[in-house]
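Chemist: Here is how the chains run, residue by residue.
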Amino acid sequence: MIRPLLVRREKPLPGGQPLAFVLGSSVALFLGAALLWVAGDDPTEVYQRMLSASFGDLEALSATINRAIPLALAGLAVAIAATMGLWNIGAEGQILFGATAAAWVAQIGNAWSGPLLIVAMLVGATFGGALWALGPAIAKAQIGVNEIITTLMLNEIAVRFVRYLINGPWKDPEGFGFVQAPALPDQSELPGLFERAHIGALVAVAVLAVVGLMVSRSSWGYELRIAGSSGATATYAGISLKRKTLAVLVLSGAVAGLAGGIELTGNATRLTETVSNGYGFAGIIVAALALMRPSGVALVAVLFGAVQVGGQSIKAIGVSDAVSTVLQALILFGVIAAGVLVAYRLELAKAKVHSL
Amino acid sequence: MGGKMKNTTVRCMLTRLFVPLLALTLLAVACANDSSTEPVTTTTNQPTTTAADSTDNGTDMDADEMGSDANSSADANDGEDFSAAFIYISPIGEAGWTWAHDQGRLHAQRVTGVRTEFVENIDDGSPADTEAAIRTLVADGHDVIIGTSFGYMDTMEEMAQEFPDVVFEHVSGFKSNDTNFGNTFGKIYQPRYLTGMIAGATTQTNKIGYVAAFPIPEVARGINAFTLGALRVNPDVEVHVNWTSTWFDPALEGDAADALLEAGADVIAMHQDTTAAGLAAEAAGARWVSYNSDMSEFAPDAYLASAIWNWGPRYAEIISSAADGTYTPVPYWGDYSDGIVDIGSIADDVDADIVDQVNEVRQQMIDGTFNVFEGPLFGQDDTQLLADGEVMDFGTLLGEAFFVKGVIGDIG
Amino acid sequence: MDADPLVDPLADPLAVELIGIHKRFPGVVANAGTELKVKRGSIHAVLGENGAGKSTLMNVLAGVYRPEAGEVRVLGARRVFASPSAALAAGVGMVHQEFRLVPTFTVAENVVLGAATRVLHMGTVEKQVADLAQRFSLDVDPQRQVWQLSMGERQRVEILKALWRAAEILILDEPTAVLTPQEADELGSIIRQMANDGRSVIFISHKLHEVKQYCDEATVLRGGKTVASSLKVEDLTSPQLAELMVGDATHTIRRPEPTQACATLLMVENLHALNNRKLPALRDVSLSVHEGEIVGIAGVAGNGQRELADVIAGLRNALSGSVRLFDRDITNASARQRFRAGLSYIPEDRVGVGLAVQLSITDNAILRSYRQHRRGPLIATDRAKAFCAEIVSAFKVRAGSLDQRIAELSGGNLQRLLVGRELTAEPSVIVASQPTRGLDVQGVTAIQELLIDARNRGLGVLLISEDLDELLAISDRILVMHGGRIAAQYVGVDANRSAIGLAMAGEPA
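Here the protein sequences come in this chain order: D, X and U. For the first sequence, my numbering begins at 1 and goes up steadily by one. For the second sequence, my numbering begins at 1 and goes up steadily by one. For the third sequence, my numbering begins at 1 and goes up steadily by one.
With the rest of the complex left out, here is chain D:
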């Protein structure tokens, strides 16, 4: 019997990450090609299409960036909490509630100038996300309620809450009875950078940099890592686990909430219950693929965004939704699997299996 074994390399391969990227992509693209061929699509055409739709020109790049913003922030939110060993499964709801808070600010500041309104909306979104994480944070810090369950359940509650708003108090008076929130004021749209990219990208990069630095280099982040590694060690060093838990979950929620604000001001025309669009859940994958490191989140988010944009684009040339979805998963998986192979060596060993 041949058994594949992964053996840790004494030194990671020279070239490391870039090599992983090439290697993983090649394997994944090869598998994807086989899949496409079986499904009756032309792999070359499909791949060209995916590439040009995600990186082909400035417009494509802007689409990828727009997609990467909420993914990166949601990934960051998950990664921050994970640094302390906490699982924020509620980024989805925090994004939505952040967007809701931003929409509320927009109603109040309907007549404000653009810059003021946008800043107020983004701040509102940040507070909204933080607020949505506050309940689980308090419950976890004070009486140890499992944050996975509370944050997860609040996702659903956020959706119901927005549904209530849209059906009731916030129902668009100009919607001919259709159920929708009122349109956002025109001046609330984020200023553009190039093509479809907007300054939300800069905000996201700044937040990633600041929060990333906080987690990896500040004394606050150091305490976080100690607490994440061992709660008893943190207590021993005089670090309050309660305060840390509270702070980290609220910060995590705030980052996710900001993603909701950027999504609302950057891409949406009005608040919908689907504005978070699964970014909060995808953020868990992004964070996991980035090995829970804030520094890796941006890169994975761009890759993730590009694959999503590319995957959507190939539907227009007749690739079925199912094939597109499998292809997206293959590419992501392939690149990550190759990352493993940079650190580990594959041995195909002939092993005897003994039995008595």
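No wet-lab data here; the hints were simulated from the structure. Check the hints yourself; a few may be wrong.
One-sided excerpt, in silico: chain D residues whose CB lies under 7 Å from chain U [claimed, not checked]:
id, residue
1, ALA232
2, THR233
3, THR269
Below 35 Å or equal to it, Euclidean Cα-Cα: the simulated DSBU-like pairs (lysine-lysine) are [what the hints assert, rightly or not]:
id, chain 1, residue 1, chain 2, residue 2
4, D, LYS171, X, LYS207
5, U, LYS37, U, LYS278
6, U, LYS232, U, LYS37
7, D, LYS242, X, LYS175
8, U, LYS225, U, LYS212
9, X, LYS405, X, LYS175
10, D, LYS242, U, LYS385
11, D, LYS242, U, LYS278
12, U, LYS37, U, LYS207
13, U, LYS39, U, LYS127
14, D, LYS171, X, LYS175
15, U, LYS207, U, LYS225
16, U, LYS39, U, LYS212
17, U, LYS39, U, LYS232
18, X, LYS405, X, LYS207
All figures in this text were calculated on a predicted structure; none of them were measured in a lab. Backbone N, C-alpha and C define an ideal beta-carbon position, used for all residues, glycine too.
The hints should help you fit chains X and U onto chain D, whose structure is shown.
Modeler: Quick look at chains X and U alone, frame taken from chain D:
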């Protein structure tokens, strides 16, 4: 010590990860080998895209002519064939909302000869996805873009502004502009009235269950029309509404139907996109009125009748007018006389007398001599909404946010 | 089963033969041509310091690691194990230091876990387990859930697991580390019965008296190589064994000169506290530690020593009573305030409490002082590293790089890092809980010398240890804890081994 242990665990985990990857590779290779001995079949109904392919097909011969006409008269800045693209909210499947639209697309393609394509499963809750899909289709040179879900409306409006040379038609909304953005919908409440007559005549318990998606005017109108139809043949009937808050969730729709059946309903009607309510009725030995398309094959015993969409003619009209440059956006709300709505097949065991009555009313609808919402009309709370002979005005009809007498349920 | 058919397994007197085993890890050569021969029906000690390659060699034998080179022969047949289960199928069972048991499963369920390939009748299994337990005096109830069991009982479950799977060869990796002395003696008689039954036991340890007491033969490893193979234990003295292990004669601890007790540094009065299970753990404990004094706390594990250390260090609340440092009442002070006031703490769980295992050497070195290495809100990496480098060189922590995760350090180096960090803060009192447990001879000596050094510089040391020899060697006074109380007190030179032993057992003279 701890470190070594850790490495072992990691290694085990990675081995476990690796095995599926390997299996996947083998599977892919295996599948690939199989397909070389058999003709490759595509999973979707792709239209032919080259002239060479279409020579063996009579209808598509027209397409070439139409296409050339379009090139000469209408805008065709990409220099390729005139073409139209559809954006669907869900996969096409075998029945339901998107399936009905795809039937319409195929019909329009057949009739006009214009090449059509589609993208499926575009989330209408995601403006980013919607916009990306539209931009891709525009970049591909499509001249008409038809979006078939309410949530596409705002994005299509923006895109119409950005791409004035492309015709955008939005289905089931209310926005339009003066040049290249129109909306299309139909008075499905008319056939719902007819199905209500059949359901009202069929029920033994005088309780009809109605599985409904969201409390919006479109759904309320359907429930009211259905109830009025049922009351026409059975004054004792009650229509009980159960909201699901989803268009497409088989499990939830089935549960909602089950709840109604347990409460004593013996006929289930629905405003949903799946067949789940029908399957629930079939399992309970009850009857079922379907929507979107004729779904008789999915629950043959339960099936009574259906209110169905027939989008083909309208789509053909949009595409051909866009092709010859005569397209003007209108808020289109087609009715029976336009053929966009109809009643599907009626079960064999429905009383012949009722079928006759249904056909009579149907003919009146086609002739435009019958109004569903005509007085005397009473609301749920017995207030008179319309005086004898009074016809509901357009605005009230469009924004219908009340239930008529006979409906049991809360519109929220 | 693909044993060489030409070899009659019964003809070979060797249960295990390891020939020229090589095994590397990143940056470490754990085994470099290691050899081992274990006779059937014997108890064979594998001795060596931490890092000598004992555990790695045993993991090779048990199928956890695959050697880069070398041959594994079990019961006369050459084997290449792909997994621990393959090794177990060939008759090699291992009891690891960390138990691998499911706390909410019963003993019997844990025993069959992973082996239940067909439908099993739990009643039958319980009967089998009970029979095995009785045959080898492994006193444990098959129906109890594992979380209810003591460490010694859990170890018996691990042994039962191996026996139930018909292990002919049982590897015990430092089995006494988690046991009380009584439990250790019970284990000794259990493995003797197993050897008498024809099974072979490999006993990994670095405690010389255990080897003398329980084992027939010993193989000594040093630096991944076998330096002495299959020695008859009865022919050897402990110093001889120790010399083989460390390569030179062991240091005997110089008994410190009694110092004139001066000012009282730490004063504990009438302390009461609960344990984790909310049961009384400390009952009216009073003690004091003076300048230049090592106060030893003796006692059988679980008599309140852990709670006492935690309460003094601020990791556990006192129900009543007081803790004073100099004249300052620190009963309600936080752990950080106590540290700042001059109280250092070497906790019993050095990894998991004193050190964070997933983090680097530098991160662990600055645990007490990270706030002083800040530049703005950020930690200045250069200053943190410089600080760490000082500890590493002053306390001879052997490490590849300061960014290395401490998980890769051996136990002795971990403890040097921890003790170094605590002493670098220049405290006035240091509470050291089991500071030498599990360390090799050199490590024990080094830590003990550091503590004596601190005492000679005028620090007060509260040394909590289960190693009576250690307490007798370096304490100025010894207090004995029993049942959460201070049961007896002895001044170092007067301390009498048997009297302390009686006090530990709750029968003070």
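Chemist: Could you run down the list of hints and mark each one as holding or not?
Modeler: Hint check results:
| no. | hint | verdict |
| --- | --- | --- |
| 1 | ALA232 | holds, 4 Å |
| 2 | THR233 | holds, 4 Å |
| 3 | THR269 | violated, 39 Å |
| 4 | D:LYS171 <-> X:LYS207 | holds, 32 Å |
| 5 | U:LYS37 <-> U:LYS278 | violated, 49 Å |
| 6 | U:LYS232 <-> U:LYS37 | holds, 13 Å |
| 7 | D:LYS242 <-> X:LYS175 | violated, 52 Å |
| 8 | U:LYS225 <-> U:LYS212 | holds, 22 Å |
| 9 | X:LYS405 <-> X:LYS175 | holds, 31 Å |
| 10 | D:LYS242 <-> U:LYS385 | holds, 29 Å |
| 11 | D:LYS242 <-> U:LYS278 | holds, 21 Å |
| 12 | U:LYS37 <-> U:LYS207 | holds, 21 Å |
| 13 | U:LYS39 <-> U:LYS127 | holds, 31 Å |
| 14 | D:LYS171 <-> X:LYS175 | holds, 17 Å |
| 15 | U:LYS207 <-> U:LYS225 | holds, 19 Å |
| 16 | U:LYS39 <-> U:LYS212 | holds, 17 Å |
| 17 | U:LYS39 <-> U:LYS232 | holds, 12 Å |
| 18 | X:LYS405 <-> X:LYS207 | holds, 14 Å |
Hint violations for this structure: numbers 3, 5, 7, all remaining hints satisfied.
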